[in-house]
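Line order of the protein sequences matches chains A and B.
Okay, so the first sequence: first residue is 51 according to this note's numbering, each after it adds one.
Okay, so the second sequence: first residue is 123 according to this note's numbering, each after it adds one.
It is worth saying that the hints were derived from the structure and are not from the lab.
Check each hint, because a few of them may be wrong.
[Said to hold, decoys possible] Partner residues aside, some chain A positions facing chain B, computed with beta carbon under 7 Å:
| id | residue |
| --- | --- |
| 1 | L193 |
| 2 | W195 |
| 3 | L199 |
| 4 | H204 |
| 5 | E205 |
| 6 | V210 |
Glycine included, every Cβ here is placed at the ideal spot set by N, Cα and C.
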Amino acid sequence: MDDFLIRALLGGFGVALIAGPFGSFVVWRRLAYFGDTLAHSALLGVAVGLLLHVNLTLGIVVVCQGIAILLFFGQRQRQLASDTLLGILAHGALSLGLVSLAFMEDVRIDLMAYLFGDILAITTSDLLWIYGGGGLALAGLLLIWRTLLAITIHEDLARVEGLAVDRINWFFLGLIALSVALMMKVVGMLLVTSLLIIPAATARRFAPNPEAMAILASLIGCCAVGSGLYGSFLWDTPTGPSIVVAACLLFLSSFLLPVRLVLKNVRH
Amino acid sequence: MSDCSGEMLLELLNVDLTLHQKEILHHVNLRVCRGEILTIVGPNGAGKTTLLRVALGLLPPSSGHIELKPNLRIGYMPQRLQLDPTFPLSVRRFLALAGPKKADGFFAALEEVGASHVVDSALSNLSGGELQRVLLARALLREPDLLVLDEPVQGVDVHGQVELYQLIARIRDQRNCAVLMVSHDLHLVMAATDRVVCLNRHICCTGAPEVVTADPAYLALFGPLGAQNLAVYTHDSEHRHDCSEEHT
């Protein structure tokens, strides 16, 4: 196998592993649009990175964190509905990114690579970012796992029981922003949310508890990456979208499997 | 205004709350003492749940203040669980998340509320009554001095409501905690409560159920419907007594 394919596979697996647990929380807490907004701001991160001559992934990470902070405070005001605010930030950041890139006359970037990912161009340094940063994000998530579950179940109940709800939420948004920034390279800003949500939604039917759902989502994500890459190689299709198509097919075919579990999601 | 005697657990003093230039609570004075069951009744939009949130410290009052007994342990039962259906969670796990508790603690709490049979069920599979009992068990795990219950019988059929109110009264008797609850219904709750606070942004009247239901302010708020309930109340009061003896 060629080196670039091995790197692509490693990068894809790394991203899928990160996406599983974070995607589960995105699904449980209905943060899909939130993830989308973070991803849209990535182009602004690229512009910032080019402007300051720093690593572009670092630029994306920093801008995503900034957007997460803005959102955290933005959601505390009551003038605007949450989704309106997300829409403003998402498209504002995307357009600002495009406009500032246009101002840099000596810069020509491959826009398609940022929109839909360029997994075949993953470098060793990208792999370091994915596994280093991803490991950090997952370790952080593990640290707050229990508290975050309690907050996800009922925020007020968690508050009354003495948990530091605001601090944990804040930390969690930071971690999500970090993982979205890392996932960019593989599926691109337009498809990041799909890699978070689809494997988690697929895992739901087979998971008896939150941990199983997170791990299963990671594994399903890895399957999607593997088969998407293979399909893209076979039929010469764009890789990022191929991975998402594979994830969708896995989601659909999961309904063909019988569920034999202790817990069934039947509502009386 | 009648007040409780005994060890003071929670007191609201001249609490006002204004949200979005709208006055939600006006000069609310409220005191909860150990061993009593205090029920807040009032029409929709009267600020009942908001008052609970203020008492719990979830919402800061615009003016006035809240005094708590030092180290007061509160068990809170929220109005409903807005759990996303994609969240796979068993009752056992839900209770284990209440805090660092030894393994048998939550089973005892489930037995206390008569719901030990659902310990391995998914939270999303429970009936209305079972869910309320599980929520109550979670509140009890805190070994509370004060139980704060937001509409504890909602989503439960009438028979189940009577049982739940009996259960709450029994928990109060056994644990000698105080209960502060909000109720929508005027019928059954009166049987299971020591003191009623009738709220409509401000406190209209307060006192024992038979006093409040005869109060002109109460009648003005609930009309003849409220007066009718007095009859229901006495009937239920006797009924409850029989039932709780059967249980013990």
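Tested hints:
1. The beta carbon of L193(A) is not positioned within 7 Å of any beta carbon in chain B (closest approach about 16 Å), and the interface hint is therefore violated.
2. For the restraint placing W195(A) at the interface with chain B, the shortest Cβ-Cβ distance is roughly 11 Å, beyond the 7 Å limit, so the hint is violated.
3. Because the beta carbon of L199(A) sits about 6 Å from the nearest beta carbon in chain B, less than 7 Å, this interface hint is met.
4. With a cut of 7 Å, the hint placing H204(A) at the interface with chain B holds, because the nearest CB-to-CB distance is about 6 Å.
5. Violation of the interface hint for E205(A) is found here, the shortest Cβ-Cβ separation to chain B being roughly 9 Å, above the 7 Å cut-off.
6. The beta carbon of V210(A) is positioned within 7 Å of a beta carbon in chain B (closest approach about 4 Å), and the interface hint is therefore held.
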